[in-house]
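A.B. asks: Letter by letter, the chains look like this.
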Amino acid sequence: MTTQCPQDESGASPDAATLIDMYRRATLIKQNDERTRKVVKSGRLIMPYYSPRGQEIIPSAISVHLTDADFICTIYRGIHDMLAKGLPLRDLWAELAGRVTGTCKGKGGPMHLTCPAKGIMVTTGIVGSSMPIANGLAWASHLEQDGLVTIAYFGDGASNIGAFHEALNLASVWKLPVVFVCQNNRYAEHTSYEKGTSAKQIVDRAPGYAMRGVRVDGNDPLAMYAAARQAIGHARAGEGPTLIEAMTFRFHGHLLGDMDGYMDKDEKAAAIAADPVPRFRAWLIEQGHVSDADLAVIEAEIEAALDDAVEFAINSPFPGLEELDRDVYAEEMA
Amino acid sequence: MGSETETLDRPGTSAKPVTLREGINRALGDAMADNGKVLVFGEDVADREEGGVLGVTMGLSGRFGDERVRSTPISEQAIIGAAIGVSLRGYRPVAEIMLMNFTTVAMDMIVNHAAKLRFMSGGQTHVPIVIRTMTGSGFANGGQHSDYLEGWFAHTAGMKVVCPSSPADAYGLMRSAIDDPDPVLFIENLLSYTLQGPLPEPGLRVPIGKGRIVQAGRDITIVTYARMVQESEKAAVALAAEGIAAEVIDLRSIQPWDRDLVLSSVRRTGRALVVHEAALPFGPAGEISSTIHEALFHSLKGPVGRMGGAFCAVPFSRPLEAAFAPHAETIAGKVRDMLASEG
Numbered sequence: 000m001t002t003q004c005p006q007d008e009s010g011a012s013p014d015a016a017t018l019i020d021m022y023r024r025a026t027l028i029k030q031n032d033e034r035t036r037k038v039v040k041s042g043r044l045i046m047p048y049y050s051p052r053g054q055e056i057i058p059s060a061i062s063v064h065l066t067d068a069d070f071i072c073t074i075y076r077g078i079h080d081m082l083a084k085g086l087p088l089r090d091l092w093a094e095l096a097g098r099v100t101g102t103c104k105g106k107g108g109p110m111h112l113t114c115p116a117k118g119i120m121v122t123t124g125i126v127g128s129s130m131p132i133a134n135g136l137a138w139a140s141h142l143e144q145d146g147l148v149t150i151a152y153f154g155d156g157a158s159n160i161g162a163f164h165e166a167l168n169l170a171s172v173w174k175l176p177v178v179f180v181c182q183n184n185r186y187a188e189h190t191s192y193e194k195g196t197s198a199k200q201i202v203d204r205a206p207g208y209a210m211r212g213v214r215v216d217g218n219d220p221l222a223m224y225a226a227a228r229q230a231i232g233h234a235r236a237g238e239g240p241t242l243i244e245a246m247t248f249r250f251h252g253h254l255l256g257d258m259d260g261y262m263d264k265d266e267k268a269a270a271i272a273a274d275p276v277p278r279f280r281a282w283l284i285e286q287g288h289v290s291d292a293d294l295a296v297i298e299a300e301i302e303a304a305l306d307d308a309v310e311f312a313i314n315s316p317f318p319g320l321e322e323l324d325r326d327v328y329a330e331e332m333a
Numbered sequence: 000m001g002s003e004t005e006t007l008d009r010p011g012t013s014a015k016p017v018t019l020r021e022g023i024n025r026a027l028g029d030a031m032a033d034n035g036k037v038l039v040f041g042e043d044v045a046d047r048e049e050g051g052v053l054g055v056t057m058g059l060s061g062r063f064g065d066e067r068v069r070s071t072p073i074s075e076q077a078i079i080g081a082a083i084g085v086s087l088r089g090y091r092p093v094a095e096i097m098l099m100n101f102t103t104v105a106m107d108m109i110v111n112h113a114a115k116l117r118f119m120s121g122g123q124t125h126v127p128i129v130i131r132t133m134t135g136s137g138f139a140n141g142g143q144h145s146d147y148l149e150g151w152f153a154h155t156a157g158m159k160v161v162c163p164s165s166p167a168d169a170y171g172l173m174r175s176a177i178d179d180p181d182p183v184l185f186i187e188n189l190l191s192y193t194l195q196g197p198l199p200e201p202g203l204r205v206p207i208g209k210g211r212i213v214q215a216g217r218d219i220t221i222v223t224y225a226r227m228v229q230e231s232e233k234a235a236v237a238l239a240a241e242g243i244a245a246e247v248i249d250l251r252s253i254q255p256w257d258r259d260l261v262l263s264s265v266r267r268t269g270r271a272l273v274v275h276e277a278a279l280p281f282g283p284a285g286e287i288s289s290t291i292h293e294a295l296f297h298s299l300k301g302p303v304g305r306m307g308g309a310f311c312a313v314p315f316s317r318p319l320e321a322a323f324a325p326h327a328e329t330i331a332g333k334v335r336d337m338l339a340s341e342g
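Residue numbers (numbering that gives the first Met the number 0), protein chains in the order written: chain A, 0 to 333; chain B, 0 to 342.
It should be emphasised that the hints constitute simulated quantities derived from the structure, not laboratory data.
Any given hint might turn out to be false.
[Claimed, not checked] Output of the computed footprint for chain A on chain B, the stretches with three or more beta carbons under 8 Å from beta carbons of chain A:
hint: 1; segment: 80 to 89
hint: 2; segment: 111 to 117
hint: 3; segment: 120 to 129
The structure displayed is predicted, hence computed values, not measured ones.
Note that beta-carbon positions come from the ideal geometry of N, C-alpha and C, so glycine has one too.
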């Protein structure tokens, strides 16, 4: 596999353990997506589902640079971002099932997953709204000089909403330790990139905010790793924000169940043929970083963890109706 | 009668009167001195930018530094987003949205995020922010700088909404708003900034959700808040000369609002009039009036009255703007009509 690794200082390449860690996260996302679509289609679970299939490498290559103490804000198509950041499967699945054992007691659902213990602070169902809030998390790091970084995930469609422009400008003026990660999957809901976006590429907008901008093949683990390393390094060092445009492709329609007739069939077929997860797997073995058998063990462990999480979720109780009045305010108001 | 009741709920007041603007400024300064996590930011709020367009935050950046008191770009979504994010990390930001009409630009951040994160996260996160904003007719500001939109926010689960009418309440409510673990919209009235009054002892809190009887009376309860408190007090003076004793309640906050105080008053007077500057259709007076009707229908001497701003954009032309909001004479007139209609 060829990579387009940006020029970087030495140490920019991941070692074998890091590469396997990246693969573990990516295959977790892929296997979780496959399981989710299966369970939803079987009717055991009723929820809106925005598949991140095809975009696995981006958060996997970013998250190996982060600890639980670092923060992410993501969006409704963001389960991959959260799994890569360490969201426990049981907490995820029980939330998807609306059960009280879910990470939000079943009150948030798939679009509002939150797990502060893993730095997963806000998941928004509003396009673009991850960015202004990420700035605030990063502002606290700036005030405390704690070296923590905040990642704001969003899609190419979100680069056309006001929140993007306000947030990038403020982050640049205040030199906040935030990394804006645009996952350019070529479609804003049902509308193709060219139909909705004036800029030839999203990264062209970075200079307008006097911000570093990097365009990278988000499906290339080494390139994505290097770009993330550099941007996160700048943020931790107090050198301000970066806009990363990570090129990728969404394998499924906007929402599970839509017919995706608006997607170019050849483009989609080509993207699926170049599926980044099995490609990464083959490359790891070919380069001698890991054996097929070792990866099979990782994959089997994930399947078993998914079996456990699904059963845990479906066998958990729903929240009691008293939850309608709870968590509206700190104290229930009459 | 007035001097007796004016000191209700105002223990330990300072002798020297201050303006309402000064009350807010002192509350911010005291809160910042007490708690290093309190931040003040918004358009023009730092001293270099003259402490806001009306100087409410003047002196704070000089005292607490440019990191804790920070002027921002004109980016309301970015302002509230930053407030939410920094509050998720334990800070207590006081974000200024210069004018209430500009909250419309940040509505997504306020309504979809600040108000809902506690619930949607199952209580794992919460958003202890204060949003300061000013508004009100009478300043010749026209249709996009004058609206009272508090009903929108009071309608949003998770938001608290306060509207002080005096320097003491401005101080005490601001201190409570900064302490509060939930998002609080703090509405300041443009015409009231120069209003003078005593200031409480430093540190005094006025609890959010507790109203105040401004003036006691037996014949009718006037329920109001913000600048309409002053107009209602004047109306009560005029009515007193005619032998009508109006009780005036300043709600001080409308989400939550002091149902107990209002209902106990109306139980005594048997009559109620709700007055605010916001337009009437679907506004706070509808909610308050309906609550009174539901609780006290059989003991009311007549239907609850409502008064609000005209149902139009706030007009510019002086006579139109003067007629836009209720004022002492129209309030007194409405009370007379209500009493007369009982036959």
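A.B. asks: If you count the residues of the segment 120 to 129 of chain B with a beta-carbon closer than 8 Å to a beta-carbon of chain A, do you get 3 or more?
C.D. replies: holds (count 6)
A.B. asks: According to a criterion of three or more residues whose C-beta lies within less than 8 Å of a C-beta of chain A, is the segment 80 to 89 of chain B covered?
C.D. replies: holds (count 10)
A.B. asks: For the segment 111 to 117 of chain B, count the residues whose Cβ lies under 8 Å from any Cβ of chain A; is that count three or more?
C.D. replies: n = 4 at 8 Å, threshold three: holds.
When held up to the earlier numbered hints, the structure conflicts with none and fits them all.
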